[in-house]
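Peer 1: Spelled out from the first residue to the last, the chains are:
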Amino acid sequence: MLTTKSLSHHYASETLSFPDLHIRKGEQWLVLGESGSGKTTLLHILTGIKKPSSGSVFIGETELYKLSNSALDQFRGRNIGVVFQQPHLIKSLTVKENLFLVQTFSAFKNDEQRITEVLTDLDIIQKMNSYPSTLSQGQLQRASIARAVLNKPALLFADEPTSSLDNKNANAVIDLLLRLSDADGATLIVSTHDERVKEAFSKEYIL
Amino acid sequence: MNLIRISWKSLQFNRLTFFLNVLLIAFGTGILTLLLLGSTQAGEKLKGNANGIDLVVGAKGSSLQLILSSIYFIDFPTGNISLTDAKNLAQNPMVKRAVPLALGDNYAGFRIVGTDTSYINLYHLKLVQGNYWKNDFEVVIGSEVAKIKKLKVGDKFSGSHGLSSDEDVHERDQNTITGILKPTGTVTDNLVLTSIESIWKMHGIEDGLEEPAHQSKKEITSLLIQYRSRMSIVLFPMMVNKSTSMQAASPAKESARLFSLIGVGVDTAKWFAIIVMLISAISIFVTLYNSLKERMYDLAIMRVMGGSQLKVFIIIILEGIILTVIGSVIGLFLGHICLQLIGHFQDSPQARLSGLYFMPEELFIVLGGFLVGVVASFLPAIQAYRTDISNTILRA
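Keeping their order, the protein sequence lines are chains C and X. In this text, residue positions in the first sequence follow my numbering: the first is 5, and each later residue adds one. In this text, residue positions in the second sequence follow my numbering: the first is 3, and each later residue adds one.
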């Protein structure tokens, strides 16, 4: 499902090299590492938002960085969901409109039924027509997860999703990601330095 | 959810900034619209009213004043000329048609003009109701006079002495309306036409005295002259100015002079409007550029969601276009409304400007607004296009 070959990325002061990955469909992986170990760089490379200095990334038969810019954007929109550390939603749009945006950009039809289904599942349906500024931090985070899973992506990535949460909320978020990944058969890759979430994953990759 | 809606919602998020930018654009395009419509209408009125008139002969004084008073019925006449002199001039072989005018009275601001059938022929006037005057104190009124004063054939009214006031009313002699003219879009729509004899009688100059002694006392205000040949353009005015006590003024020359005088003001206002439009463009540029700093993460997230560089570019360009097109359309409406108000409060109905006047060129104003929007948003859109998703998300 996800394969990498000889990935490395050069920064001005250092070069990060990553071992080859072979992750199968539906697997749930944890990428662990200290700050500065290259977790976020690897995640950005795997999600197609940062071109590596060398090496290649295959998702299925598709070699990500051989795609044109616009094809890569569309591929990302249709096949990859990402949850970032900050649950950033577009402030000028309601929660529902933020989710419509995902469907619009990935060239799917706007499907309000799917949005209702996901928001109900994540227990924020009552905030569907609210603007992000009126949501609590927890609600924002669930809305950002809804955005990532809306298109039923084959790959679901989460970058430090629990770093700013207490134990209870950290567990809730990880449970939610695991459940959604199971439900849609999506491959889940969570990058974190948070040791609290280790137990939830059977496969881990340490940088 | 389409790109226009995304741009629209983004603009709506900062309503005050949106409102101020739209206001600036509306102000600029409003002035441009006002100038375009106003100067075009003024030009058309100047040209249309003077059509077929080669020369105006009247009392000595300001030649522009003579033209304004005898063709456009705006200014006061320079004085009167002797009927005998006018008749002699009209018989000159170089003259094809000479139309006598006698001014001095008004009805509710509409000038009462003493003339003969040659004036009817000069402007190709037609009646929509009734007949032309036959007897003294019978008048034919222009379409606007009938409309505004709600007059019909058979109605009577008293004129007032002077050209724009209704204080010194000629109570003794009432005018009877015998006909109403078809609208022509010229100054004649706002005139009350009657015989020269009626004007004389209204002012106590008795008719029926055909002896030369009395003839010499009779006066008219001016003569509108049409040449028999274009060859007379140089010779005839020179002859009038040098060998008579009258003055000859060329409508073409004076209209051009008047328009060049007005043109200075129009040009100044035009440049003012263009500067306002430039300020609007800079304001939109600054607004979009500054908002980009706050929205970089939004744009990066859009890219992560599958939004292409082109779509992000278009979203920003659309924001500029929406702002300027809305501003331009509001500006067009404002221009028309202001012109209608100006026309409403104008003293002289003969030169009244109308806001209900539309020109295809107005589309260029909207197109101009569209281009200002594209230009103002181009650099911010390029910056959005070049957003490095990874670095932007890391910096957030």
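Be aware that one or more of the hints could be misleading.
BS3-like cross-link-like pairs, simulated, lysine-lysine; straight-line CA separation at most 27 Å [what the hints assert, rightly or not]:
id, chain 1, residue 1, chain 2, residue 2
1, X, K62, X, K128
2, X, K313, C, K100
3, C, K55, C, K156
4, X, K136, X, K62
5, X, K136, X, K152
6, X, K98, C, K95
7, C, K55, X, K98
8, X, K136, X, K154
9, C, K100, X, K184
10, X, K313, C, K55
11, X, K313, C, K113
12, X, K313, C, K70
13, X, K98, X, K62
14, C, K100, X, K62
15, C, K156, X, K313
16, C, K113, X, K11
17, X, K128, C, K95
18, C, K95, C, K113
19, X, K158, X, K98
20, X, K203, X, K154
21, C, K95, X, K11
Hints in this document: simulated from the structure, not taken from any laboratory. None of the values given here were measured: they were computed from a predicted structure.
Peer 1: Run every hint past the structure and note whether it holds.
Peer 2: Hint by hint, here is what the structure shows:
no. : hint             : in the structure
1   : X/K62 to X/K128  : 33 Å, violated
2   : X/K313 to C/K100 : 20 Å, holds
3   : C/K55 to C/K156  : 24 Å, holds
4   : X/K136 to X/K62  : 32 Å, violated
5   : X/K136 to X/K152 : 23 Å, holds
6   : X/K98 to C/K95   : 78 Å, violated
7   : C/K55 to X/K98   : 88 Å, violated
8   : X/K136 to X/K154 : 17 Å, holds
9   : C/K100 to X/K184 : 62 Å, violated
10  : X/K313 to C/K55  : 20 Å, holds
11  : X/K313 to C/K113 : 17 Å, holds
12  : X/K313 to C/K70  : 21 Å, holds
13  : X/K98 to X/K62   : 23 Å, holds
14  : C/K100 to X/K62  : 80 Å, violated
15  : C/K156 to X/K313 : 23 Å, holds
16  : C/K113 to X/K11  : 20 Å, holds
17  : X/K128 to C/K95  : 67 Å, violated
18  : C/K95 to C/K113  : 22 Å, holds
19  : X/K158 to X/K98  : 36 Å, violated
20  : X/K203 to X/K154 : 24 Å, holds
21  : C/K95 to X/K11   : 10 Å, holds
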